[in-house]
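Enquirer: Here is what each chain is made of, one letter per residue.
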Amino acid sequence: MFKLFKNLEKKDYLIILFVSILVVFSVFLDLRIPEYMSEITKLVQTENSTMKEILTSGFYMLVCAISSLICTVVVGYLTSLLSARFSRSIRRKIFAKVEDFGIAEIKKFQTSSLITRTTNDVTQIEMLLAMGLQMLIKAPVMAIWALTKIIGKSGELSLITAVGVIIIVITNLIIISIVTPRFTRIQKLTDKVNGVTRENITGIQVIHAFNAEKFQEDRFDNVNDEITNIHLKVTRTFALMEPMMNFVMHFQHLAIYVVGAFLIINSSMTDKITMFSNMVVFSSYGIQVIISFLLLTFIFMVAPRAKVSANRINEVLDEDISIKNGTFNGKTKEKGTIEFKDVSFKYPDADEYILKDISFKVKKGETIAFIGSTGSGKSTLINLVPRLYDVSDGEVFVDGVNVKEYDIKALNNKIGYIPQTAVMFTGTVAENVSYGDKDGEKPTLEKVKKAIDIAQAKDFVLKMDNKYDAHVARGGTNISGGQKQRLSIARAIARDPEIYIFDDSFSALDYQTDLTLRQELKKYTKNATSMIVAQRIGTIMNADKIVVLDKGECVGIGTHKELLKKCEIYKEIALSQLSEEELENA
Amino acid sequence: MPRMKKVEKVNDVKGTLVNLFKNLDKWRYLLIVSILLALVAAILSTVAPNRLAGVTDVITEGIKPRVENIEVISKEIFKHSNIKVNTFGNSMEDTNYLDMYNNLSKDEKLALFNEFEYKGVLISKEDQVKYFDSLSTVNKDSTDEALESFDDMPKSIKSFIEPKMNVSDLKIKSIILGIIYLLNSLFTYIQGIIMAYVGIGYSKKLRQSISRKINKLPLKYFDSHETGDVLSRVTNDVDTIGINMSNTITSLVTNVTLFLGSIVMMFVTNPIMALTAILSSIIGFVFSFFLLKRSQKYFVQRQKELGDLNGHIEEIYSGHNVVKAYNGEKSALEEFDEINERLYDCNRKSQFLSGIMQPIMSFIGNFGYVAVCVVGALLVMNGKTSFGVIVAFMIYVRLFTNPLSRIAQAMTTMQSILAAAERVFEFTNKDKTIIKNFSAKVKAGEKIAIVGPTGAGKTTMVNLLMKFYEINSGDIIIDGVSIKDLKRENIHDLFCMVLQNTWLFDGTIKDNIKYNGKDISDETVWEACRIVGIDHFINTLPGGIDSVVGDNEVISSGQKQLITIARGMIEDAPFLILDEATSNVDTRTEELVQKAMDKLTKGRTSFIIAHRLSTIKNADLILVMNEGNIVEQGKHDELLKKDGFYAKLYNSQFQK
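Residue numbers (my numbering), protein chains in the order written: chain A, 2 to 587; chain B, 102 to 757.
Hints in this document: simulated from the structure, not taken from any laboratory.
All values reported here derive from a predicted model rather than from experimental measurement.
Misleading hints may appear alongside valid ones.
What the hints assert, rightly or not - Below are the BS3-like pairs computed for lysine-lysine, each with C-alpha atoms no more than 25 Å apart in a straight line:
id	chain 1	residue 1	chain 2	residue 2
1	B	K305	A	K189
2	B	K256	B	K305
3	B	K431	A	K325
4	B	K210	A	K94
Make the full structure from the sequences, and use the hints.
Expert: Here it is in structure tokens:
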């Protein structure tokens, strides 16, 4: 956790210093108050004290109280400033860091976990800072200071206070030790409740079809029972806390009074009044001591959770980004060419290669297609071009320059990438199509419209309210999968890239749309190079070059006709989709 | 969607409250018991300070010397002495006599007095001399010296003058107070335990009823609602209700009782001081209510900003590849900064305002304390009240100031509980929605292919057949019986379904294949695996057929599809619904799948959402769908001849 706090800036440390001073001062004031209280009590007791004396003491007590209030308000202001500042900067750091991540890192952490780390975990730390900082300084200062006020005054009464403190500390420790591990379990079970419910919703058709409602409900009940039981245990344990605290505080109060009474009886008349005021002082300082120990236990309760969060955040911030940025952003001799030279790829910790010794070259304006079974490495292969992954061995060249030498921004400016699952952002249709940055330039509206037209999205966009300015909901939930895919293609077209990368981007389209789109695109982008991954033979059979992949190895390169003759796997794939006669006709 | 809005604030407070209470069932009585206990505990809390005042009074009584007895004793001594009262004066205050007395020698002094018995105590001559000796040195202006001189007095006489504490009274009062404290804690504890059962049991029930509801809702609901929304209701909303409800109700009951109780007790104890305490706190309350309202506003805003930020982060993280490939990092960060800044602002303000509530309350407590002391002292001096009452009021001031802020807090929590409850009930009381209808005719044992572009309504067709969606006009007749007359469960028993959605639950392969089927032997499972052709693959897994599916990356999507086919294989139903998945199965596995599916269709009337030409061509009937309607139907050749929509769709595959 301390490691995370190293992210505090100089100004933050100043705030902490100032807060500490103020807290110490407010503790001083808070502890003066019982003194005035006992003085007032004494004055009220003594028969010949005047009203003026009481008023004076009362006045001083109020001055203390107001000053303490002002201190605490300022402290409150400063700590809220500090915690909000800190969480703001940590959130930003995490976000910026994740933006730099490659796919490998995202996969390692998982998107949902990264989201929780950026929001939830930061909130935990923020809470600890906002509430804990003040208590962390205040509690020990107050405990020690209050103790010095009563120490040496009366052995018996000190003993009672000590017993009270010990009982409180022990009960709290027991409660915390029972509760903390169960909190972790509850968090996990909440995930499970989520999981089973999600499972139920996503599989609802299957569940109905198999009449498995009861089965599914039983699965849910199991988790529900378990989480309920742990919740009960935790709440029951917690239920002990308040009555216990009250009981100890009240009994301590009463014990001080009773023991005090006997001390008074047994003391000489000179000492009786002193003894009495000691008793009053003890009952108020004793409570202060107990409260400060309560504050401390509260911190011990929050801190473990915050610590878990801090570790999770540090993991993100400390993650080494595997893809290092290059510097090249000048002009290249070639344009629109791609070359793979003995490229192999495997995940850092994996034994098996996903791609092995792939080599090919694509000239400007050509279309290269990749086909093969799932897990054959097609997607991985084309993801190497925009450096979503980096090769393990070999080299990838774009326009004759190794992709690792490029400033990634410059490399991205050459590429129009369309992923397997279309990604939509909140905003308008036009904003989604003109998304991104290319040397600070944005495509014009004309270009956006043209791109939408080519991507066969014009019809449905014009049918939407506000047309090009139609709102796209978060995650694009208000448009269908095929429509999202077309907009995602339009986005690449509007970018005017040298190289198009289609990662199975046509799968959500029907044959008809698929065909028209590709024909239109061909007309528009005569000079652009295209890399296409597809499952359908129909989508790729007209490509200039088709690469057939099997288990990461290249088992054939050539045109459709050539491959039909010489590549057995290609033929198998083709025949599984079209009859021999249809292939002939094609 | 009808009746579905994002609910931010409670629309129907009363209705929701009624619903909330109705759904409590058996917990209702426990809740009442718990409320009663809280009530008793709160009353005990208010009574305690009054009792404490009693104890304090006994103690204070024990520190005051009984000065009045000095005169009584002195008179008694004179009465028994050889001094004639009229010559020696009535009191020792007469300095002349005192001086005279002081000049006497010890023997002369002894000669003045006679031994006598007072209230059973024998007072010797020596004691009487000692007594007057110590009295004569008293300095009237110094309390301490006076007390010292009391300490010097002979034991026999001192016993009448030194302060006397009523020990038996003290014992009784302390024991009573101790019992009150004990009962108070005990009741609070029992009450807390009961509330835990109510709150947690209730949330369990709510969670369960949502889970049950999911399976009863028409599928259409899930088309238009995000899974996350439903999930949020199961976890977040239910937790909000469960955890907060018990605390809030207890807090409300306890604090209202404490508040009213302390007012009553204060007035009973001392009306003037009660007024003092109340008046001195009022300004504070007004101020803190104002603060609470303000901070509430920022809290709400904060939740909203947090939601926005969450949305943005989710979007950017999950679209990470596009953000990177399109150099969108900068604009994403800019938007992030903007929301982050707004969040920072609300965070700071809400944190600050809620943070200073406590110190302000404690200041009000202190202020009330001083006011009570001053007024109390005034009253004590005039003999209108006792010191114990002041001590009691010191506690009443705190008892009285604490509840109001807690009540205010409880009210705001209640608001969020109601909002959550409304979301939950809205879900569990959901009405059914109805969608549009279709028509088609199918003979027994036929193979029907459903084709059409994406979004043409192929899946809807299946859903209608399975009675997932209700039809509102026309009819679907299965084996001569209207679907309307059949229970959904019965229809489902007739159908075997293999969907593109390779849904497997978090469990072993065996359990996934057996799924809901009862009395299925392991041999049957293996037989199905063998037919489908995944027996080899399963054997290569370390856990064999008991390997857990889930995050298991070893099992590819194609293999998952085969497992679902095996599952379908086991269900022995006359009808088959098959969604030929293509996009997530590679072509080689697809061949395996194809073979498995062919085996599956044998002897069954099958509806196939077709993606493969081979399937379409040998189908007995092809239903061509577009934009939600069946636009053409017939055999492959017939449809091609027609040269309509189907022909266009079919030929598009071969065009360059």
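Enquirer: Decide, hint by hint, whether the structure agrees.
Expert: Right, here's what the structure says about each hint:
Only pairs whose Cα atoms come within 25 Å are accepted, and B:K305 paired with A:K189 is accepted, the gap being roughly 17 Å. Restraint check for B:K256 and B:K305: not satisfied, since their Cα atoms lie roughly 73 Å apart, outside the 25 Å limit. For the proposed pair B:K431 and A:K325, the alpha carbon gap of about 18 Å is at most 25 Å, so the pair holds. With a C-alpha separation of about 95 Å, the suggested pairing of B:K210 with A:K94 is violated against the 25 Å cut-off.
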